[in-house]
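Novice: If you want the building blocks of each chain, they are given just below.
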Amino acid sequence: EAGVTQFPSHSVIEKGQTVTLRCDPISGHDNLYWYRRVMGKEIKFLLHFVKESKQDESGMPNNRFLAERTGGTYSTLKVQPAELEDSGVYFCASSQDRNRAFFGQGTRLTVV
Amino acid sequence: GENVEQHPSTLSVQEGDSAVIKCTYSDSASNYFPWYKQELGKRPQLIIDIRSNVGEKKDQRIAVTLNKTAKHFSLHITETQPEDSAVYFCAACDGSSNTGKLIFGQGTTLQVKP
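Chains Y and A supply the protein sequences, listed in that same order.
The first sequence begins at 1 in the working numbering and counts up one residue at a time.
The second sequence begins at 1001 in the working numbering and counts up one residue at a time.
Bear in mind the hints are in silico, worked out from the structure with no lab data behind them.
Treat the hints with care, since some could be wrong.
Restraint-style ranges between C-beta atoms, simulated for each label pair [claimed, not checked]:
1) A:N1067 <-> Y:P8: 17 to 25 Å
2) Y:R100 <-> A:R1061: 31 to 39 Å
3) Y:V12 <-> A:L1040: 18 to 26 Å
4) Y:N62 <-> A:Q1081: 42 to 50 Å
5) Y:K41 <-> A:D1059: 25 to 33 Å
6) A:K1113 <-> Y:K51: 43 to 51 Å
Residues of chain A clear of chain Y, computed beta-carbon distances all greater than 12 Å [what the hints assert, rightly or not]:
7) G1001
8) G1016
9) R1051
10) T1065
11) H1072
Positions of the beta carbon are idealized from the N, C-alpha and C atoms, including for glycine.
Using the sequences and the hints, build the whole thing.
Specialist: Now the structure itself:
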């Protein structure tokens, strides 16, 4: 069974540019989550999709972040315009039953 | 909202010794507690989990205990091996929202010395 896949694995962009991260969940998992780990701190929740619907986006930092999951399959997280404090590792996770979540390998975003 | 505290932040043990990592949570509605292991450059991997209706769960060399009254849970690794070296995260599932949202502890870097 294929796991959660994220693209790209690394991204270095300049402040003010736009970056789009992609997540392909495990097939059949309706629940998709985005998390972020900044500067070695704890992993923090960003938002939760059930199929194509946003269930909880309480963790999104501000309106520079936009997540979509058109068709209820893969999801994208766009940061526009990127700021220095957006640097970190962005994780995607998916689950079938809202408990056991399986994580992707993460996208390391560096804003310079 | 839920808050999870994890200790210690770093832990160094000799191969063969036991390692214990402790977490506390604040929301009594939390009902699911997973543990993740993240090796350098790899994805966080679910290694064991426990639900609030169970006090202890064991899987080979790893075990998790849960004390609902005190709102704390612990990861126990026995007979540690060098490949156990990694960052370990505890988490609590937000029980009030029923979305599967995980609140993580700050992580523990475990080093097992050969």
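Novice: Closest CB-CB distance from G1001 of chain A to chain Y, is it above 12 Å?
Specialist: 9 Å, violated
Novice: Looking at G1016 of chain A again, its CB stays over 12 Å from all of chain Y?
Specialist: 29 Å, holds
Novice: Within 42 to 50 Å: is that where the Cβ-Cβ distance between N62 of chain Y and Q1081 of chain A falls?
Specialist: 43 Å, holds
Novice: Does the hinted range 17 to 25 Å hold for N1067 of chain A and P8 of chain Y at CB?
Specialist: Between N1067 of chain A and P8 of chain Y, where Cβ atoms are some 42 Å apart, the hint is violated.
Novice: Was H1072 of chain A rightly flagged as not at the interface, with every chain Y Cβ beyond 12 Å?
Specialist: 17 Å, holds
Novice: Is the hinted range of 25 to 33 Å satisfied by the C-beta distance from K41 of chain Y to D1059 of chain A?
Specialist: 28 Å, holds
Novice: Using the Cβ atoms, figure out if K1113 of chain A sits within 43 to 51 Å of K51 of chain Y.
Specialist: 47 Å, holds
Novice: Go ahead and decide if the range 18 to 26 Å is satisfied by the Cβ distance of V12 of chain Y to L1040 of chain A.
Specialist: At 20 Å between Cβs, range holds.
Novice: Starting from the range 31 to 39 Å, see whether the pair R100 of chain Y and R1061 of chain A falls in it by beta-carbon distance.
Specialist: Taking Cβ atoms as reference, R100 of chain Y and R1061 of chain A lie about 20 Å apart, which means the hint is violated.
Novice: Minimum Cβ separation between R1051 of chain A and chain Y greater than 12 Å?
Specialist: 8 Å, violated
Novice: Does T1065 of chain A really sit off the interface, with its C-beta more than 12 Å from all C-beta atoms of chain Y?
Specialist: 19 Å, holds
The structure does not agree with the numbered hints 1, 2, 7, 9 stated previously, though it agrees with the rest.
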